[in-house]
Amino acid sequence: MTNDSDSSFCEMWQQGSGEPPRFSPEELQRTIKRRNLREYVAAALVLAVFAYYSWIFPALLLRIGCGLIIAGTGYVIYQLHRRASARPAPADMGFQSCVNFQRSELVRQRDALRGVWSWYLLPFLPGLVVFLLGLFQFTMQVTKAAGRPFPIGPAILGYTLVAGCIGIIFFVIWLMNRKAAKNLQAQIDDLDRLTRDSR
Amino acid sequence: MASREDLYQEAVRTHGAALNRIARAYELNPDKRRDLLQDIHMALWRSLESFDGRCSLRTWLYRVGHNVATSHVVIDRRASSRQLLSIDQIDITDPKSDVEESAGRNLAVDRLMTLIHELRPLDRQLVMLFLEGVDAAAIGEITGISAGNVATRIHRIKRILTTRFQGGARS
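Those protein sequence lines, which keep their order, are chains A and B.
When the letters of the first sequence are read in order and numbered with the numbering used here, they come out as residues 1 to 199.
When the letters of the second sequence are read in order and numbered with the numbering used here, they come out as residues 1001 to 1171.
A couple of the hints might just be wrong.
As the list claims (entries may be wrong) - Once the Cα atoms are required to be at most 30 Å apart in a straight line, the calculated DSBU-like pairs of lysine-lysine come out as:
no.: 1; chain 1: B; residue 1: LYS1032; chain 2: A; residue 2: LYS182
no.: 2; chain 1: B; residue 1: LYS1032; chain 2: A; residue 2: LYS179
no.: 3; chain 1: A; residue 1: LYS33; chain 2: B; residue 2: LYS1032
Keep in mind the hints are simulated off the structure, nothing from the lab.
Isolated chain B, as found in the complex:
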């Protein structure tokens, strides 16, 4: 079994960018975002002492990352009092989104980030894990939701993304 330091370096090398995206998706303020990212790294570093290989390092890392970020959202009273939406409440045919508006890739990513910030933590996790290319079974393992339920929600996520962001994804 690799040492904690080796595991940490490996996790950061392979998924450091994903951890950065988690922090971006949970915190808009740049200073607080850096603190959140540091919290995620600290939690990962501490947690790797207990890592025993029962799940993959990727599953472990996503769990820790999303759990720390979720805790950040729950603790932050400002965010708690804001009404967050579930995927089911997102309007698929949002009148504000026309294809021209989402033509630029950067603009589309920014708008996607805005959409993610409106979501409740669990739905945020689903959208982000889908966008990270994690398959439904692994998403179920990370989040604790059944594969069938994950598949239903991902189907809706895809519809939302296709309707709102197709232009940005192609450019």
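If we strip away everything but chain A, and leave its shape as in the complex, we get:
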């Protein structure tokens, strides 16, 4: 292995990558502003759609349930943005070595996945419970108003099954996120081993 072969590899790598696209500083500033605006518009749209559905529901409990789901969704969107999204690159990024920066990014993602129960699943729970109770009450009222009997036992069983299915979905989401967090922890351990060996 000579320096000649080193330079021939470098030459091979550096040649033929083509003319890189150019970005003017003004274009970059415009893009930053456009991206921020896009995020706010998307959040406003989601909330507007849920608010509309909350308005058209006929029963009070259904409306309250929907309102709680809206609040939960808003909270989850905020937490997703804060914990797990690609955040704007910090201005001091050039001071951070690649190992330090990568570790901090992995830790941020791992913590977001580990705490998924508290910030991603739990905020939906009150809304879902109230919504299901509202649906139960509304179905009972409509059935009775139509002069038909309302079989309480089978109805409770049916709603329990629906709640059970939601519980299973929540459990699977939690399990998948825990597995992903373990995978990230392994990568953090690798980096720590590497920096320990470097000392």
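With chain A held as given, fit chain B onto it using these hints.
Coordinates of chain B only, in the frame set by chain A:
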């Protein structure tokens, strides 16, 4: 001290192609790659406000470029669930690679890019910085790994490159 705009123009003039290669090495999809490259340029533009000359502009630029690209890989769930390899796990005598196969330079670069995409971010950084002609001390400064550790890993990188890509590099 030069203005942020002057520094940015200087960085792009001297290392714009290197930033392009970073984006290529971290993202295969052409549309996402252009977005990643734009993210790198945005981060560089923002970061140059804090540049105080404590390290060279080249070191600063490589740190920003690789850090943004690494963040892209960590965020991308698809990439996160894919098992990425370390340099130590790469088989030096890969049976798929014969010299004839890597005879064409373009083909060799494509295959090299494929190999880089299989690597974990830190090993990607080492391979790419080596291929950009950055010396071991500067690689240590950019990545945060000791010069000795960098030297050991670069030795292995050279063995892999020599075994797999010698033909392509010569053609």
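Do the alpha carbons of LYS1032 of chain B and LYS182 of chain A lie within 30 Å of each other, as the hint requires?
-> At roughly 27 Å apart (the allowed maximum being 30 Å), LYS182 of chain A and LYS1032 of chain B satisfy the hint.
Straight-line Cα separation of LYS1032 of chain B and LYS179 of chain A no greater than 30 Å?
-> holds (27 Å)
Taking 30 Å as the top limit, are the C-alpha atoms of LYS33 of chain A and LYS1032 of chain B close enough?
-> At roughly 19 Å apart (the allowed maximum being 30 Å), LYS1032 of chain B and LYS33 of chain A satisfy the hint.
Consistency note: the structure conflicts with none of the earlier hints.
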